[in-house]
Amino acid sequence: MLPLYLLTNSNGQHMLIELKNGDTVQGQLTNVDNWMNLTLADVTHTASNEVITLPEIYVRGNFIKYIKLQQDVIEKVKQSSAQQQSQGHHQNRDFRRRQGGGGNRRDNDRRFNQGGNQKRNEGRGSHYNGGNRRYNNQRQSNDGNHSSAMGGFVQHHQTSAQQPASLGHN
Amino acid sequence: MLFFSFFKTLVDQEVTVELKNDIELKGTLKSVDQFLNLKLDNISCSNESRYPHLSSVRNIFIRGSTVRYVYLDKNMVDINLLQDAARREAMSAKK
Amino acid sequence: MSESRGSPAPGKSKITEGEADLYLDQYNFTTTAAIVGSVDRKIFVLLRDGRMLFGILRTFDQYANLILQHCVERIYITEENKYAENECGVFMVRGENVVMLGEVDIDKEDEPLVQMEQIPFEEASQMKQERDDARYKSESQKGRQMARYGLIHDFHKSDIY
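Residue numbers (the UniProt record's numbering), protein chains in the order written: chain X, 1 to 170; chain C, 1 to 95; chain P, 1 to 161.
No wet-lab data here; the hints were simulated from the structure.
It is possible that some hints are incorrect.
[Claimed, not checked] Derived pair list, reagent style BS3-like, types lysine-lysine, alpha-carbon separation capped at 25 Å:
{"hint": "1", "chain 1": "X", "residue 1": "K68", "chain 2": "X", "residue 2": "K20"}
{"hint": "2", "chain 1": "X", "residue 1": "K68", "chain 2": "P", "residue 2": "K137"}
{"hint": "3", "chain 1": "C", "residue 1": "K30", "chain 2": "C", "residue 2": "K20"}
{"hint": "4", "chain 1": "X", "residue 1": "K20", "chain 2": "P", "residue 2": "K108"}
{"hint": "5", "chain 1": "P", "residue 1": "K157", "chain 2": "C", "residue 2": "K8"}
Computed from a predicted structure; not experimentally measured.
With the sequences and hints as input, model every part of the structure.
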């Protein structure tokens, strides 16, 4: 579980952000992107004893020093990702992210396997969802609007239905 | 990447790292990465007063950008190898 | 932290050796290779603004962004043999602000503290503020002096570690 994964999955939680210049921003997380740029709602901004309240704020990821999170974030995010998993969401986002640049390599790996040991290929079949470029792209577009667990469920079945087809193509 | 390669040849040797905050840490160089972040094992600190807990620290990861100097022993450096590598680097830069 | 890859037993938190190899393979000679061994251990982190954090490293990424659990900020006032602590829960630190981090031996960790007096955190952070201000003054004076000789003294206000 990467730090950014934890953050993207703690939407709605309360947090305190200290900026590089020492100012602090407190509020409820509404959105995060891959650069750690984020938006907060119900914000209290503190700059050396001067306090301002704002309905919303956008913070550039670059300018963050640290974020103080709720005590229970780790457990909560773990729980929700476990939930997604148990609903058939095998290759959660974490796995996909870690593959990152490695995706290509996996694809090569797959071609190699296909020519050779069929059985081994089957045994590792569950991984290939993650390595499948098409699958990745589809899900990525979904990342932003934070699909519900149910949405993830449906998505998964669509892709697993596609998989035999894409294997056949190669 | 010359310095990265150079530091890779120093892995497992004992070096002293001086940080920009004047702290000197001596330890076995365990790893180095492309940003010249360093990882030291079995560290000891010459001026421990500022950070008393350093005595209880076993290994340490130092961000490359905070390093001022790395002290090396004379015989750790293979001058010929280094000169060769520098020439090769210069050649490849010309192309 | 559970690195879900589908195949290993669900809920098993440690990654298997093969997985760790694959993981390291991609990140060989990167930040990741250096701190992967400190996961789930108590570490200290020194930030560029001089803050010192102690906590359990739960996860990190290639930028050395860190998640620390049970995080404690500690200030040493060594001149007066005093220290102060402030508990701050779960922390996420952005990698660029890290000066150094290291694994702490929890058996020896308290040794220097027993001879020191613990004071309220507010008081200590006040003292640290004064110390930092003085440091800033002297450093910028030094900078001006060196500039007279055509030398650069690289010092930024946010860099007082």
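Next on the checklist: Next pair to validate is X:K68 with P:K137; report whether the Cα-Cα distance is within 25 Å.
Outcome noted: violated (30 Å)
Next on the checklist: Check whether the Cα positions of X:K68 and X:K20 lie no farther apart than 25 Å.
Outcome noted: OK: X:K68 and X:K20 at ~14 Å, within 25 Å.
Checklist entry - If you draw a straight line from the CA of P:K157 to the CA of C:K8, is it 25 Å or shorter? => result Measuring from Cα to Cα gives roughly 33 Å; hence the hint is violated.
Next on the checklist: What's the verdict on X:K20 and P:K108, does the C-alpha distance respect the 25 Å limit or exceed it?
Outcome noted: violated (33 Å)
Next on the checklist: Does C:K20 sit within 25 Å of C:K30, going by the straight-line distance between their CA atoms?
Outcome noted: Satisfied, since the Cα-Cα distance of roughly 21 Å is no more than 25 Å.
Checked against the numbered hints above, the structure violates hints 2, 4, 5; every other hint is satisfied.
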